[in-house]
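Chemist: Residue numbers (our numbering), protein chains in the order written: chain G, 1 to 372; chain V, 1001 to 1092; chain F, 2001 to 2227; chain W, 3001 to 3753.
Careful: at least some of the hints might be erroneous.
What the hints assert, rightly or not - Derived lysine-lysine pairs resembling DSS-like cross-links, with alpha carbons at most 27 Å apart:
#1 W:K3263 <-> G:K299
#2 F:K2179 <-> F:K2127
#3 W:K3427 <-> W:K3263
#4 W:K3201 <-> W:K3190
#5 W:K3201 <-> W:K3250
#6 F:K2198 <-> V:K1056
#7 W:K3381 <-> F:K2151
#8 W:K3366 <-> F:K2158
#9 F:K2071 <-> F:K2158
#10 F:K2179 <-> W:K3381
#11 W:K3381 <-> F:K2071
#12 W:K3087 <-> W:K3669
#13 W:K3381 <-> F:K2158
#14 W:K3366 <-> V:K1017
#15 W:K3130 <-> G:K16
#16 V:K1056 <-> F:K2071
#17 F:K2082 <-> V:K1056
#18 V:K1028 <-> F:K2224
#19 V:K1056 <-> W:K3366
#20 F:K2221 <-> F:K2198
#21 W:K3069 <-> F:K2082
#22 F:K2071 <-> W:K3087
#23 W:K3087 <-> V:K1056
#24 W:K3381 <-> W:K3669
#25 W:K3095 <-> W:K3083
#26 W:K3130 <-> W:K3087
#27 F:K2151 <-> V:K1028
Stated by the list, open to error - Estimated spans, in silico, between C-beta atoms of each pair:
#28 W:G3061 <-> G:P258: 51 to 59 Å
#29 W:D3035 <-> F:K2144: 49 to 57 Å
#30 F:H2116 <-> V:S1076: 52 to 60 Å
#31 W:A3219 <-> G:L77: 53 to 61 Å
#32 W:F3592 <-> F:Q2181: 28 to 36 Å
These aren't lab readings, by the way, just hints derived from the structure by calculation.
Cβ atoms here follow ideal geometry from the backbone N, Cα and C, with glycine treated the same way.
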Amino acid sequence: CGVWNWAFGPSAPAPKPMTAMHQEQVTVGFATDWQARLYGNWRLDPYNATQIRVTDHAIYLSDDAGDLLALSRSGRLRWVYRLNGKSPCGPTVADGVVYVGTDRGTLYAVSAAQGKKLWDVQLGAEPSSPITVANQRLFLQLSNGHLLALDAQNGSVDWTFSLPQPSLLLRRSSGIVVSGQTLYTGFADGKLLALNADDGAELWRATIAIPHGNNELARMVDVAATPVLDGNRVIAAAYQGNVAAFSKDSGEQDWARPMSTLLTPILHDGKLFAAGSDGQIYAMDPASGTVEWRNTRFKGQSLSGMTLCDGKLLLSNYAGQVITIDPQTGHRTGQETVSSSGIQTAPVCVGKNRFLVLSGVGTLYQLQFAKP
Amino acid sequence: CSIYRVNVQQGNVVSQKELAQIHKGMDKAEVSAVLGAPLLQDPWSSDEWVYSYSDKPAYGSTTVRNVILHFSRDGSLQSISGDVKALAGEKG
Amino acid sequence: CASDKPKDHLLDSHAAAAVMYQKGKSAQDRGDYGTAVRDYQDLEAMYPYGPYAEQAQLNTAYSYYQQGESKAAAAAAERFIKLHPVNPHVDYAWYLKGISQYQEIEGANWNPVPLHQAFDTFETLVKRWPKSAYAADARLRMEKIIDLLGKRNLDICKFYYVRDAYVASANRCQEVVTKYQLSPAREEALYYLYLSYKRLDLAKQAQNTAAILRYNYPQGKYTKKLG
Amino acid sequence: FTPFTVHNIEIQGLQHITPGTVYNYLPIHIGESVDDALAQKAVQDLYSTGFFRDVSIARSGDDLVVVVKERPIIASIETKGIKAFSKDEVESTLKGIGLEVRHIFNQATLDQVVQGLQQQYEGMGYYDAKITPHVETLPRNRVAIQIDVEQGQQATIKQVNIIGNHAFSENRLRGLFSIGAPDAFSFFSKNDRYSQEKFSKSLEKLNNFYLDHGYLNFAIESSQVQITPNRRFVYLTVNVHEGDVYHISKVDLTGDLILPRSKLEKLIEIHPGERFSKANILATNKAIADELGNYGYAFANTTPVPTVDPKTHEVALNFQVDPGHRVYIRRIDISNNNRSMDYVVRRQFRQMEGSLYNRSLIDRSKLRLEQTGFYQNVTTKTVPVPGHPDQLDLDVAVDERPTGSFSVGVGYSNAQGFLFNGSITQKNFMGTGNALSFSANVGGLGSAFNLSYTNPYFTPDGISLGFNVFRNDTNLSTLAVAPYQEVDLGGAVTLGIPVLEYVYDYMSLGFTHTNITLDTSNPIPLYQNYIDNYGNSTNSFTLGNQLEYNTTNSPIFPTKGLYTSLDLKAAVPPGNLRWYKAEVKANYYHPFTSWLSGGLGMRYGFINSFSGKPVPFFNNFYLGGPLTLPGYQTYAVGPQIDGYPVGGTRELLLDANLYFPLPGLEDNKNFRLNAFVASGWVYGVNAVNDGSTTNYAYSNSYFPSLGEMRTTAGIGLLWISPLGPLRLSVAIPLDKKPGDLTQPLQFTVGNAF
């Protein structure tokens, strides 16, 4: 059981908090709209973290014991649905239905309004990427290297695509992005693939990074970040590999920059923001890959999430702090410790300069930017 | 009860069925393919193969059975003698 | 030597090696074999070239032997043989290896492994260097090993005879009679071979063996027993 | 180059190797003609010696010029930062691969060492290990090697996730895994450390588990090893497809059976109607092969041919027996017996030379060798005899254990105060297998001298003869255990006769002269009564017969097998004591895992006198002390009169044990810990209080009553130290009654007398 693991299992090294800021640099302050102690078992394991999903009138997320929760936009619990296992990649909401895959290899479709189960289906392996909903289909990656396309109505399998797996994998798989009829996703062997979203036929295949190094670990080049579409370009990033841009149609490589990254890069007014797995933050020109600025203050930090909110870059780390960065200059503009139990998953922007953050012990905060 | 003496078995087991399969004129290789080589080594008379068998059970007396094969100078089997009689056709 | 080194540099390393060698040799002569071995090893690590290194390797083997460290002595001798197969002293190395293995022999009825090892090493020495200074002593020790092996197999033959395992006793005594003729155990082995054949009801073989016993040992104790 | 005859051979670049050595390995000699092929072979040969880094052959006129570059000599090897392996473990592995000081240095071996270390670290879950070798060249063509290692953290397993299992619960299946999430024993069993080898072994176990429960088409579709970015945690997922349960429809036996069909059919362990089970099929194969192995068919094997009917989910099995040819053992060669003489090992063998190969006899012989306690390890190997396909030689290598202990020392045992003891015990005296021991113990409780000699093979068939002479002076009053001094002087002769393979009958004849002097300051009616009946000194002439069945695998640390013994003794005329005593003992040992085994023990005894006079108190049964009921003082359990334990005429002792090695000293064979629960009853004598003095009355009921039960539980350590066995026990009496003399911590050095 969980407690035993944490009590006896050697705990992860304590995450290092960010150093304090000088008063004059602080230009962004934070205020708490509300915070809600959530129902359920929230001793979250950092590598089994859920995702926060927000719609106009509800918030959805899943805990460590297999409960799927729906909250009102002001944090009040509306319904709980008991799944048959943990959901390491969290739920996805589309057209009034919440889709969630569990580590027992089951995919559930639950009505978003009342939390009633519509249908469920066996996947045969543990889902390892969040579910993407597009063209009336559900797309997700499984830990055995299969990519599934399921019919969104009943979960029947339309097509599957698979690549051979290296012997050692990273705990996360790449998300899937669909544009028109083409689907883009990364695999555990450092490859980026474009598939026809209707029948799964392979359009093109590009190599983001080649395994190098003399032991199994050094040779890991898993693609853990979801590809980013930018005009006629698709940008993908591999762990211990490169960030690279490829032409959407042919898969030819435009540019590549050596960097190891886990978090999905963010595209914002002509700049590409990427967080290296060693904690450095880069701003690059998406067309050429040249680095415009680099913030090395976060070296050695373990970041849990990076999002764009109200024109600011918003980061969160396992020490439980949220930090804002000015996208133009790369300087820190604000910092706040939300909870000493750490922040397990990326903050989610909910508009009107507000965002949601989930702490390690299961408290959901809605914060908003304010004067310092 | 008399004391327990260790069962001692010695030498080659030659069954009547196997003995029935060898006949005069066979060379040494053919004989040893059927009966195996004799355990009792006698370098002084290599033309005489002795298949000696004895068994002393934990309780009771010892039984001894010998089969002696003579080979001619050119190595072909000349005579078969000893306690075990080859019974043609009988299932061993 | 390789010409790419300045001449004088080589000379003083030669002298330094000689000093270290002398240090080891005097320790060895004092009988302090432990320090001697350490000195020789330092010498080899510092100056692995030249006649001093070779002599040091031989002396290391000898010192180990004197200390009673038979396995280390045999290994050191073996290393010399591999490095310098045609060195003029290599017969001494073979001899050292042989006597180290010989040192491990406990007796006829104990571990037979050193018996065979020592015998094989001495046999190589005697075959390849028949006129070596050490060949004579090697032959003497080989004869002693034959006696021990003869006695060992005779004892095993009698072990099985007493337990009515006559095929086993016959074979073991046969081994003594054929393979170890020179060992004194041959006479008694012939007698027990005769007894085993009798117990196996093999009269012809028994007579044959008795005849050989009478012929070879007319006044022997066991010939009388034949009656 | 064009072939030419060689007039002279010149060698350049030699430093350490003498020219003679090069000539010796060079396949070209003066006067021979040389062509390209021969030159190429010469280069190859010189390379294979391993002495040279570079070899080239050229022609100058009619001379052959061989240019060599010698490989450097290793001057020093240093390793830094290796914590997972001990210093000499590392050194021996390096030596094994050929990286040794004063030896020739070869870059390929160094790379091999780095590669090997890397794999070993990865195998232990140190995924993050970084190994960087440095080679520093020194003058005179020598090198110093430095290997720096940063081990990093060991990846531990966070979660084992099995998907697709319906028939069995995930917990049950996870139980099969030798690795998994941390649990209470992780410190000890290190099961939370990921290693690729252990993971594949666990998957194999999972596969066999399903095949043993009828799931013929079970398949592990895929398994994944996922590691977290900070390389600290490993997640294991296994995706399985169970398939349907298959049952056995028919089983038959075909092929050349050699033995009567009914005999072999009894060995079949899987029957129609049962579920398909791979384990039972393999067990059947082994049983049949073993049985045939007892009749000379060493290479017999059985192939089970299944015919599967997917519609009815049934399998018909046909065991095809192929006996192979009859095989004999030509010779048994015993080696590594540096202490025991050859016949001491050979006489334990039930398999004879020049005899049919018999597997069960060889196994039994191995067990008998282990039972002597002389050998730590016995390995048997069959080697084919060249030229005789039907003959094998049996090579037996023994690894001897020091059986003697010459110990002179001072011991302290809280039961007996300071102990000065000296003993020469040699269980394998001069390698003859005979046991000779002389021991002298002087301590607070008195002194004991004992000389004993046993020859286990007085006759070739194993009749053993032994005798011992002893003198014990016990002074219990100093220990406030009982107010008397006792002097025993005597001896015994024992004859051991083998009745069956594991059954021995020991007949013994003993004589003991006992002299009791009471501590007059503290008269106890029980002892006074004895003196009135028998007087101060008595002679007892005892006849004994003990029937012993023993299949345990070691006299010192048994982990497997059963020991039972029935011991009848009687003191008869002409001695002036008259009693008869019966004792039954049974100890059963069962190994659970390679390091954990359990034991159950029972001991019941009673003694009656048949001369109308009461049983002499010093022949009573006493319990208590580290050997019987740890936690109670020695001899303290049982009826008490005026606070003095007087023993009883009936005794029952039950104990349950768990044996496991000392953490950290897993492979040291001289240490063992045992957790135990033991309860004992000593009864048959009850104190009767008739007004002024308490007297005693003998009850002849054979069954214990609950009131007399004493139970204790605790942990004991047994260490076979050079001073002899050392016992340390910490135990808590669970049902202490007022007046019980308890002692939680007890230890004794040397054999407690």
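Chemist: Now tell me if each hint is right for this structure.
Modeler: Status of each hint after checking the structure:
no. : hint                            : verdict
1   : W:K3263 <-> G:K299              : 76 Å, violated
2   : F:K2179 <-> F:K2127             : 19 Å, holds
3   : W:K3427 <-> W:K3263             : 42 Å, violated
4   : W:K3201 <-> W:K3190             : 16 Å, holds
5   : W:K3201 <-> W:K3250             : 32 Å, violated
6   : F:K2198 <-> V:K1056             : 16 Å, holds
7   : W:K3381 <-> F:K2151             : 25 Å, holds
8   : W:K3366 <-> F:K2158             : 23 Å, holds
9   : F:K2071 <-> F:K2158             : 33 Å, violated
10  : F:K2179 <-> W:K3381             : 25 Å, holds
11  : W:K3381 <-> F:K2071             : 24 Å, holds
12  : W:K3087 <-> W:K3669             : 22 Å, holds
13  : W:K3381 <-> F:K2158             : 25 Å, holds
14  : W:K3366 <-> V:K1017             : 35 Å, violated
15  : W:K3130 <-> G:K16               : 24 Å, holds
16  : V:K1056 <-> F:K2071             : 44 Å, violated
17  : F:K2082 <-> V:K1056             : 54 Å, violated
18  : V:K1028 <-> F:K2224             : 39 Å, violated
19  : V:K1056 <-> W:K3366             : 22 Å, holds
20  : F:K2221 <-> F:K2198             : 19 Å, holds
21  : W:K3069 <-> F:K2082             : 19 Å, holds
22  : F:K2071 <-> W:K3087             : 22 Å, holds
23  : W:K3087 <-> V:K1056             : 56 Å, violated
24  : W:K3381 <-> W:K3669             : 24 Å, holds
25  : W:K3095 <-> W:K3083             : 19 Å, holds
26  : W:K3130 <-> W:K3087             : 18 Å, holds
27  : F:K2151 <-> V:K1028             : 34 Å, violated
28  : W:G3061 <-> G:P258: 51 to 59 Å  : 58 Å, holds
29  : W:D3035 <-> F:K2144: 49 to 57 Å : 52 Å, holds
30  : F:H2116 <-> V:S1076: 52 to 60 Å : 39 Å, violated
31  : W:A3219 <-> G:L77: 53 to 61 Å   : 43 Å, violated
32  : W:F3592 <-> F:Q2181: 28 to 36 Å : 57 Å, violated
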